[in-house]
Every structure is written in structure tokens, then in C-alpha cells.
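Sequences and hints are given; from them, build the entire structure.
Chains as they are written, first to last, in our numbering: chain A, 1 to 614; chain B, 1 to 188.
A few of these clues could be false.
If you want a taste of the chain A side facing chain B, the calculated C-beta under 10 Å gives, among others [as the list claims (entries may be wrong)]: (1) Asn58; (2) Gly61; (3) Asp66; (4) Asp67; (5) Glu70; (6) Arg73; (7) Leu132; (8) Arg133; (9) Gly134.
To list a few chain B residues with every Cβ distance to chain A over 12 Å, as calculated [unchecked claim]: (10) Pro59; (11) Phe62; (12) Ala67; (13) Cys72; (14) Lys101; (15) Gly118; (16) Arg128; (17) Pro132; (18) Glu187; (19) Lys188.
Keep in mind the hints are simulated off the structure, nothing from the lab.
Since this is a predicted model, take the numbers as computed values, not measurements.
For glycine and all other residues, C-beta sits at the position ideal for the given N, C-alpha and C.
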Amino acid sequence: MTSLRDKPIEQKLAIVIAITTAAALILTGLGVVVADSILFRAYLRRDLSALTRIVGGNSTGALAFDDQDEAHRALDTLEARTHVSSACIYRVDATVLAKYSRPGAPACPQPNRDESIQFAVDGVDVSQPILLRGDRVGTLTLSYDLGEIGERIRLYGVTVFAVLLIASFVAFILASKLRSIIVTPISRLVGATTSVAETGDYSIRVQKLSGDEMGVLVDRFNDMLAGIQSRDADLKKALIDREAALRDAENERQRFRFMAESMPQKIFTAKPNGEVDYFNAQWMEFTGLTFDQIKDWGWTQFIHPDDLPDNLRAWRRALETGEPFQFEHRFRRANGSYRWHLSRGQAMRDVNGNITMWIGSNTDIHEQKEKERQLRRANEDLQQFAYSASHDLQEPIRNVAVYSEVVAKRYQSLLDDDGRQFLGFLREGGRRLAALVNDLLVYTRASMAELSETSVDSSAALIDSLASLAEAIRESHATVTYDSLPEVYMGEAHLQLIFQNLIGNALKYRGQDAPRIHVSACRQGAVWRFSVQDNGIGIDPRYKEKIFGIFKRLHHDESYAGTGIGLAICQRLVERYGGRIWVESEVGKGATFFFTAPQHAQPVRSATVQPSAG
Amino acid sequence: MPAERNSRLVRRISGLAVLVCAAAGWLSCTQRGLAQTSLEYAVKAAFLLNFTKFVEWPPSAFPGPNAPVAICILGTNPFGQTLDEIVQGEQAGSRALIVRKLDHPPASQGCQVVFIAGSRKDVPKTLRSLGPGVLTVGEGESFLREGGIVAFVIENRRVRFDINRTAAQNADLKLSSQLLTVARTVEK
Numbered sequence: 001m002t003s004l005r006d007k008p009i010e011q012k013l014a015i016v017i018a019i020t021t022a023a024a025l026i027l028t029g030l031g032v033v034v035a036d037s038i039l040f041r042a043y044l045r046r047d048l049s050a051l052t053r054i055v056g057g058n059s060t061g062a063l064a065f066d067d068q069d070e071a072h073r074a075l076d077t078l079e080a081r082t083h084v085s086s087a088c089i090y091r092v093d094a095t096v097l098a099k100y101s102r103p104g105a106p107a108c109p110q111p112n113r114d115e116s117i118q119f120a121v122d123g124v125d126v127s128q129p130i131l132l133r134g135d136r137v138g139t140l141t142l143s144y145d146l147g148e149i150g151e152r153i154r155l156y157g158v159t160v161f162a163v164l165l166i167a168s169f170v171a172f173i174l175a176s177k178l179r180s181i182i183v184t185p186i187s188r189l190v191g192a193t194t195s196v197a198e199t200g201d202y203s204i205r206v207q208k209l210s211g212d213e214m215g216v217l218v219d220r221f222n223d224m225l226a227g228i229q230s231r232d233a234d235l236k237k238a239l240i241d242r243e244a245a246l247r248d249a250e251n252e253r254q255r256f257r258f259m260a261e262s263m264p265q266k267i268f269t270a271k272p273n274g275e276v277d278y279f280n281a282q283w284m285e286f287t288g289l290t291f292d293q294i295k296d297w298g299w300t301q302f303i304h305p306d307d308l309p310d311n312l313r314a315w316r317r318a319l320e321t322g323e324p325f326q327f328e329h330r331f332r333r334a335n336g337s338y339r340w341h342l343s344r345g346q347a348m349r350d351v352n353g354n355i356t357m358w359i360g361s362n363t364d365i366h367e368q369k370e371k372e373r374q375l376r377r378a379n380e381d382l383q384q385f386a387y388s389a390s391h392d393l394q395e396p397i398r399n400v401a402v403y404s405e406v407v408a409k410r411y412q413s414l415l416d417d418d419g420r421q422f423l424g425f426l427r428e429g430g431r432r433l434a435a436l437v438n439d440l441l442v443y444t445r446a447s448m449a450e451l452s453e454t455s456v457d458s459s460a461a462l463i464d465s466l467a468s469l470a471e472a473i474r475e476s477h478a479t480v481t482y483d484s485l486p487e488v489y490m491g492e493a494h495l496q497l498i499f500q501n502l503i504g505n506a507l508k509y510r511g512q513d514a515p516r517i518h519v520s521a522c523r524q525g526a527v528w529r530f531s532v533q534d535n536g537i538g539i540d541p542r543y544k545e546k547i548f549g550i551f552k553r554l555h556h557d558e559s560y561a562g563t564g565i566g567l568a569i570c571q572r573l574v575e576r577y578g579g580r581i582w583v584e585s586e587v588g589k590g591a592t593f594f595f596t597a598p599q600h601a602q603p604v605r606s607a608t609v610q611p612s613a614g
Numbered sequence: 001m002p003a004e005r006n007s008r009l010v011r012r013i014s015g016l017a018v019l020v021c022a023a024a025g026w027l028s029c030t031q032r033g034l035a036q037t038s039l040e041y042a043v044k045a046a047f048l049l050n051f052t053k054f055v056e057w058p059p060s061a062f063p064g065p066n067a068p069v070a071i072c073i074l075g076t077n078p079f080g081q082t083l084d085e086i087v088q089g090e091q092a093g094s095r096a097l098i099v100r101k102l103d104h105p106p107a108s109q110g111c112q113v114v115f116i117a118g119s120r121k122d123v124p125k126t127l128r129s130l131g132p133g134v135l136t137v138g139e140g141e142s143f144l145r146e147g148g149i150v151a152f153v154i155e156n157r158r159v160r161f162d163i164n165r166t167a168a169q170n171a172d173l174k175l176s177s178q179l180l181t182v183a184r185t186v187e188k
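Right, here's the structure in full:
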């Protein structure tokens, strides 16, 4: 079967047709032979029965009158039946009246009592009683040669064989005919596929020769070729485009590399999973390590051990959220010393918003950092000094004030006019000095105040500050109104101090009319923006910045009392909480002070933004 | 039992035939005279019986539907008791067989077979006196010329018979073709 499987379809068809034809013919032949031999037996049985009855009937006279000649004549009629090999007419007493036999034929069968036809392999024995008017007058026995059956089978065999030869010839012709019907389209298809495979030319089409499955196959094949052709064209175009894109990308990469290498800064890029896949030459130069040593996560080895945990946390959070990151940390140089760097990173995204890479720069901020540290220390020292000074000064100043009052009460009568005047200057100076020192202390406290990490209801802070200003409000007949105010993350005392200073100023610098002050707040991004609006004398816009300076006063006359430190305290507090304070005003049209306060807990001491002082 | 009867009859005939054949051979040389005569009539008796099986009579030939077939011997009886013995228990179709010995020609319907011995002189007259429906059997070739239907003849020392079909037709008898084929000659 394997050999047949590999033969061409044409030969398969011929073989299949031949086998089918042969099988059909052989089976038909066998059927005919079997049916014929069954029918032939039945026929033979009837035929021999009839034959013996006729011959027997014709020999009744011969038997009745014991006429051997006549009996022989009756038997001689059997000569025409070539297969009757022998026949005998027996008298009733089983003696032979007449006998007929062909040369070499066996003896007559013995007579039987009743009619009998016995089939043997090579012949049939018949025994037929001869009756005369119902009386038995003798018996005819006959031996029939079955060679005829063999002859018939031979004839059938020859016929079947002959028909087989003819059928094979017809099958051969049919196969040749089928070649044009079936094999030719297949051969064309095969030829087309071969030439497509060899040349890669998808414009080849197969001619459709029929409307059957082969035709459908040809159509599908052509459709498929058309599809492949267009896809091939698309593919070629896509390949060209891709090559161009790759070229562009390579150019772009080269340009990026060139830029990155020529930058004084350290530059790196990382994969979306955080593995660093590029460091520019400045890195290797700085760290004295090879790229292979620091790529992926190898860079962690030159981060200062104190900075590394926070650094890794920040980097991982940036990788998760995709938000830009910024970090200050120390890198180890080749000589083992550490230098502060500011690292910034940003995710690059494709059109779908998926992160394709991270790009980052690392700027050496060591000098800057050092200066900042020195500056901060100097500032802190100064603040410490101011606080200590104002704190320590309070005691002697209070003594001056108290004792000048005591002198004024007890010894005023002992003093002359000049003395009383000088004492008046002394008392006034003492009071102002005490107020100044007190304010200075508040200011330095504000500068050093610990930031609150809990929220406060700003309306409660406002009400508290109004309570402490109740006297001044009553005197000036002022109206203070406020909207509903939010919760903010500031110390309650700090917020109260801010309100107290701003409202106190509004009361102080009032115009002709009774003061009308309104406090409100609105959300502005991540902060609340508070406003304190008044209808006072207003401020010349030229002095918008100046008024927040310490000891800066616009009015030096006595009509506006004060130390000039209130707004400086407000600014100090607001800025401590990361906010801003400013004023909008025109002369004679009142003023509105704005300041911002955090909506959420401040990321206090967060290393991502504020480097530690160490 | 018809089969038994048949076999007995056939055995008898064939036995006689053997004897006839034997008589035709060497045996006859010594005992010709006597043996020949008795054997000859034994065969003829059997033939007479068998004739009844090959002949069809018209119903008018019988006095009644159940009447027997009567084989009549007119005049001299050459058979002795042989014919009686042979016919004993035999039948011709549905009819019984009887043997009658007559001195004068029978009346109408009295006999269906009439054997006239060859010794009788007034054969033509006798034949004329017989009506239709009677199978006439005689001896010698002249019997047919005289108007008989069946005539025994001796040929090659064998008993044969000749048939006159015209006479048979005149007598309103139907003869079986088998009878005709066995006959030595058949005259029209």
C-alpha cells in the first residue's frame, strides 16, 4: 500500500478502477456460477425427471411385449443427450431388457423402488419407475455425466476473464480520460505550487477547468495566492518601513548617546522594570567601575549605605506609579569619598501610555549642598542667639519697665519738669522695648516651631483669635464675618497667631469707616487658600513685599502703634508649612491678605524632597 | 395391491419371454414340438392381457360403467388354463378382467376382446358378425385381410403381431401408439 500511496493519482485511479472492476466482475461471476449451479441442479433434476418419464413412457410397449429392439430404439433417443453416459431399461424382476452406454461409461445404476435422482461428484444417477396405466412395468435407470457443470464453469471463467480483459482495457481508457478531468487540474495546481515555491512569484494563477471540488480548490488556491500576494507586498513595504524606522531609531540612539556622552552630568536609562541599561561615560569615570559592574541593579553598590534603603523605596515607588522621581543621595567616587547628587528620573511612554523606558540624570550638588548646610547652621545659630537674647533680655527689660513705673508713682513729686519728662521717655522706651523683645521672641519661636502633624478646624482657630481681639473689635466697632472654613494641617496656635496678626492689622489700619473684615477659604490644588479682606487704608503695591520684612513699618507716626514684626511672624509660620503669604491692595481701597495652608499632612522630613540636614 | 400384481404379471411375462428366447436357441432343438406350442400360447396369453392396457374402448362397448373387460376365446381354446391363470387378479384400468370361452360369436357388448384361433375356418363370417367395440385378435397374416385388428405372427421364432388400424378405427377403438410401435407391421 505504501508503494501505491506514493504513485501518481493517474495510476492510482487506473489501479482503483481496475481493482473495482475486477472485484465486481469476479463477484458477479462467482454469483452467477453459484446461482447457475443451484439453478442448474434444479433444472437438471426436472429435466432428467422429464427425460426419464418420456423415455420410460416410450418403452412401456417394449416392456409390455418384451420387445428388446423397441426398447433399444427408445434408449437410442438418449444419444442426442451427450451427457447421458449410460441408461438401462429393467424389467420388473430387475433383469435388463435393454441397455445403452457410451464408450468408457460406467455401468447402469441399479433400479430403485421409487423415483430417485442422486447427485454425485461426477454424475447424477436417475432411477425412474415405468408405469403402464398406474402399474409398474419396469424401471429406467440413467447415469448423467456432470462434466457439463465443469464445462459451464469453465465457460463462465473464460467469459469472466474475457470481460475482465475488456473491462481492464475500458478502465485504462477511462483512466486516460479521467486524466484530463481530474489529473490535469491537479497537475496544473501542483505545477503552480511548484513554480510559486521556486520563484516566489505570487502573481501566478491557476486556470479553472471545472466547477467541481477541484474548481473550488483552484478558486481557493487563487484567492489564497492573491491574499498572499497582497500580504507579501504589505510585508515588503512593512519591512522597508521597519528598516527605515530602525535606521531612524539607530540614528536617534546615536544622537542620544552623543548627547548623553557629551553632557557634564551623569545620565542613565533604565528598562520599565528598573534595570539600568545605560550609563554614560561620566558614570564610569566617576565610580571607576565598568558598565557591566553597575548595570541592572549593580548601581546600588556605590550608593551611600545610609541613603540606599530610602533610595530603593523611592525608585520602586516611581517604577510602580510611573511618576517622576527626584532624590538626593551620595555616590561613592573611585577614591572612596562620597559626593552628594541630585537624581531626577522620568518615564518615557509610548502612544498607548505604556512606559517604554526611564531616563535619568544625576547632578553633582555636593558644593551646593555643603554651602546650604553651612548656611543653615549659621541661620540656626543666629536664631538660637536671637531666641536666647530676647529670652534673657526679658528679665532686665521687665525690671526697667517695672521700676520706672515705681519711680513715676513714688517719686514724681521729687522730680522737676525735666526729670518728669525724662522719666516719661524712660517709661515709654521701656514699654516699647518690652513689646519688641516679646515680639522677637514670638518670631524666633515661630521660626523654630515644630510642625504639627494633626489637622485643626480653622474656624475654631479664627474664633479663638477673635476672642483675644474682642476689646479692639469692640472699640473700633468692627464687623468680622467669615465663611465656613476647612480643616487644615497646621498647629492650632500657629493658625490662631496668623489670624490674630492679620485681623489685628486690619483693625489697626482702618480708614474713616468702621472696619468690615471678611475671612474665607477656597481650595486651590493641594492647598487651601485663605483670604482676610478689609476696608482699611490699603497698601501701596510698591510695598507689597516689604511689609513682610522684620521690623519693617510703613507708618512711623504714633497713630499706628506696633513693633512691625506681626507680618514677619505670619510669613515665617506660613512658609514653615510650605505655604505662601501675599497681599493684594491699593491705597484707600482696603487690602486682602492671602495665605495657603496644607490640605493634607505634610510629608514631613520626607527624604524625597527635603534632604536631611546631616 | 396393484404393484404386487404388476410385478407378478411382469415376472410372468418376462419369464415366458426368457423361455421363448431360450426356445429360439439350442433348447428348442430337442424339444421343439411340444415346448414350442405351449410356450407360444403362454406368450400369446400374456400378450392378450397386455393388449387390454394399450386399447381404449368406447363406453358403448360395455353394458355398464363397471362392467369388466371380457377376453373371449371363440371356438378352440389353445391356451388351456394359462390364460385364466395370467388374467387372474389383473385389471384393465378400473375394470376387472374376465376370460370367457365361447363357441359362437357373442352378442353385442358381451366381449371386448375376441381371440379367434387360427384353426377356425369361418373367420370372415365370424368377424362380420361381431359389432363395433370389439378388439379382434387372430393368428396368421391373412387374419388382417379378412378384417381382423390384431394378428399374431411368428417371426424368427418369436411371437410378434401385426395391426390393422383401419379395422381398429372401424371398430371404434383407440390404439396406443406404444402398441403400434411394438407391432411388427401396421396396416392402414
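*asked:* So, against the hints stated earlier in the document, which numbers end up violated here?
replied: none
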